[in-house]
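Letter by letter, the chains look like this.
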Amino acid sequence: MCDPREETLLIVDDEEINRAILANIFEKEYAIIQAEDGQAGLRAIEIHCDMLSAILLDVVMPHVNGMEVLRKLYQQGLTEKIPVFLITADAATSTMQEAYSLGVMDVILKPVVPYVVRRRVNSVVELFRARRRLGAEVERQRDQLLLQTQQMAEMSMGMVEALSTAIEFRSDESGEHVRRIHDITCHLLRTTSLGEGLTDDQIRLIGVGAVTHDVGKISIPDAVLNKRGRLTPEEFELMKTHTVKGAELLSRIPQMREHSSYQYAYDIALHHHERWDGGGYPHHLVGDETPIWTQVVSLADVYDALVSKRCYKDAFAADVAMEMILDGQCGVFNPRLLACFRRAEPVLRGLYQPLKGT
Amino acid sequence: MDEMKRKLLLEAGIDVDEALGRFLGNEALMMKFLLRFPEDQNFSRLRQSVAQGDAAGAFEAAHTLKGVAGNLSMGTLFRQISAQVEDLRAGNVAAAADKMPALEETYSRTLAALQQLV
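Residue numbers (numbering that gives the first Met the number 0), protein chains in the order written: chain A, 0 to 357; chain B, 0 to 117.
It cannot be assumed that every hint is accurate.
Claimed, not checked - Calculated lysine-lysine pairs in the DSSO-like style (CA-CA distance at most 30 Å, straight line):
{"no.": "1", "chain 1": "A", "residue 1": "K239", "chain 2": "A", "residue 2": "K312"}
{"no.": "2", "chain 1": "B", "residue 1": "K6", "chain 2": "B", "residue 2": "K98"}
{"no.": "3", "chain 1": "A", "residue 1": "K239", "chain 2": "A", "residue 2": "K308"}
{"no.": "4", "chain 1": "B", "residue 1": "K31", "chain 2": "A", "residue 2": "K27"}
{"no.": "5", "chain 1": "B", "residue 1": "K4", "chain 2": "A", "residue 2": "K27"}
{"no.": "6", "chain 1": "A", "residue 1": "K312", "chain 2": "A", "residue 2": "K244"}
Derived by calculation from the structure, the hints in this document are not laboratory data.
Predicted model, so just to flag it, every value in this text is computed and none were measured.
With these hints in hand, go ahead and build the complete structure from the sequences.
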């Protein structure tokens, strides 16, 4: 990329003849700014620091000398961005040593020899230019990689959703169920104390895990899955296996197993029917033996099932659904979870508005 | 540059080619600073400061003069003043004072030659 800015050189020297000689050397290639002492130099740097290609700095000057200017530039980290050349008549080693330790690129002796000073300055300016170009290129590539990573993540999320939705379709449920469980889970974890200690990234992965909570239903025969009316005890036992089957299915897909959401997805599929009092299945876990995020998915699942129409039931009004949950008609839930859910529920209702309006 | 001028400058102890090279052949620019040299107050400041034993003032004046002499390739003057700058940097005004007569002589010769150019 061609930089539209003109290359600009700042000359800081109290002697007019020095400035004139240096300006004469560089004026064909650079726009020249001149400063008559350290103070004026610092002012010029403050104003033009974004467009300076290099600074040629005299050492012995009245008021603010070159070393003081250099120290200020070093403190502001500017010597890393703009190459500074010390132009000095005295090759005293102590000055040179300090100058180099303060990030000076080169020390050039006066009286200057034009082709030497030109070559040394131009080489370094070119080096800095190349470094900037390279830095910009690296940044561009990093942005591109980030974008691609994001696209890949969206794509795999899409695949997971597609799979889960396909399975939902078998039981005559729309893909909305999957989407809503995801949204309710993420909302509760993001906006209530239930998500304490979880990062945004973890909550996003838990959301992915919520999407696949029912994949085990693929192993349940249609006759049971879509039965209108109550299941027999045998049928219910079979239905319960969708938890273990779901976890097993996820563990058999290598891409899923390696996905960072796997640890959440596996537990959610396996334990989203556990209850706080041990009255759930398949492992009759009690209390927080079930991770809080799986508990959140369980409740989201129950709530969504209640307020939606299913093959075995009609939709309940949200108030009724809320009452049934709080009454323990759908099993016992963590009291803290219920308290948070109760507060968030009015917002969750909003997720259903578009459907109800039709 | 005409031969007459060149000869005069060489006689004044000025390495014309080197000086012109420093100005990248820009003779007008070089002449501007050469002709301004006699008006430079630093030599009288140096003389006065050395006489008064003012090392700091003398150093400042000598340092500036050294820069100008170097830029204009005034070889002899540059060498002499450089030695004096080092004396004064060390605060040795007596040593600098010892070097004044020789410096005075070179300086006057340079000025005399430059005045002929005007």
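Hint-by-hint comparison with the structure:
Taking the CA atoms of K239 of chain A and K312 of chain A, the gap is about 19 Å. The hint holds against a cut of 30 Å. In summary, the hint linking K6 of chain B to K98 of chain B is supported, as the alpha carbons are separated by about 28 Å, within the 30 Å threshold. For the proposed pair K239 of chain A and K308 of chain A, the alpha carbon gap of about 21 Å is at most 30 Å, so the pair holds. The suggested pairing of K31 of chain B with K27 of chain A holds, with an alpha-carbon distance near 20 Å, which does not exceed 30 Å.
The straight-line distance between the Cα atoms of K4 of chain B and K27 of chain A is roughly 29 Å, inside the 30 Å bound, and the hint therefore holds. Proximity of K312 of chain A to K244 of chain A is assessed by CA-CA distance (about 25 Å); at most 30 Å being required, the pair is judged to hold.
Checked against the numbered hints above, the structure breaks none of them.
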